[in-house]
Amino acid sequence: MFAANLGVTEDEATGAAAIRITDYLSRDLTITQGKGSLIHTTWSPEGWVRVAGRVVSDGVAQLD
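For what it's worth, our numbering labels the leading residue of the sequence shown as 95, then goes sequentially.
Since the hints were made in silico from the structure, they are not lab data. Any given hint could be a false lead.
What follows is a set of in silico ranges between Cβ atoms, one per label pair, in the way DEER data are often shown [stated by the list, open to error]: (1) Ala146 x Ser120: 15 to 21 Å; (2) Val149 x Arg121: 19 to 25 Å; (3) Asn99 x Val154: 28 to 34 Å; (4) Val149 x Tyr118: 21 to 27 Å; (5) Val150 x Asp122: 20 to 26 Å; (6) Asp117 x Val154: 30 to 36 Å.
Glycine included, C-beta positions come from ideal geometry on N, C-alpha and C.
Start from the sequences, fold in the hints, and give me the full structure.
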């Protein structure tokens, strides 16, 4: 997910999108992507979002 219209340039692990959706939903999330990559977010009513996780390689893909 790219969120340029929200002022967030996306990073490869989609951490920026995870932070935005966590804030929007006002709740903690666990997001699984690819072959097992995980992003854990923690929402705080004070306006903070924490993000952590692990990455599993999906290998290399070439787009033509």
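TODO: Confirm or reject the claim that Asp117 and Val154 have a C-beta distance inside 30 to 36 Å.
DONE: Since the Cβ atoms of Asp117 and Val154 sit about 33 Å apart, the hinted range of 30 to 36 Å holds.
Task: Outcome of range test on Cβ distance (Asn99, Val154; 28 to 34 Å) - done: Between Asn99 and Val154, where Cβ atoms are some 30 Å apart, the hint holds.
Open item on the list: Can you tell me whether the CB distance of Val149 to Arg121 sits inside 19 to 25 Å?
Closed with: holds, 23 Å
Task: Outcome for the supplied range 20 to 26 Å, where the beta carbon pair is Val150 and Asp122 - done: Hint holds: Cβ distance 21 Å, inside 20 to 26 Å.
Open item on the list: Taking 15 to 21 Å as the stated bounds, is the beta-carbon spacing between Ala146 and Ser120 within them?
Closed with: Holds, since Ala146 and Ser120 (Cβ atoms, about 19 Å apart) stay within the stated range.
Open item on the list: Please check whether Val149 and Tyr118 have a Cβ separation lying inside 21 to 27 Å.
Closed with: Given range 21 to 27 Å: holds, Cβ gap about 24 Å.
Hint compliance for this structure: no hint is broken.
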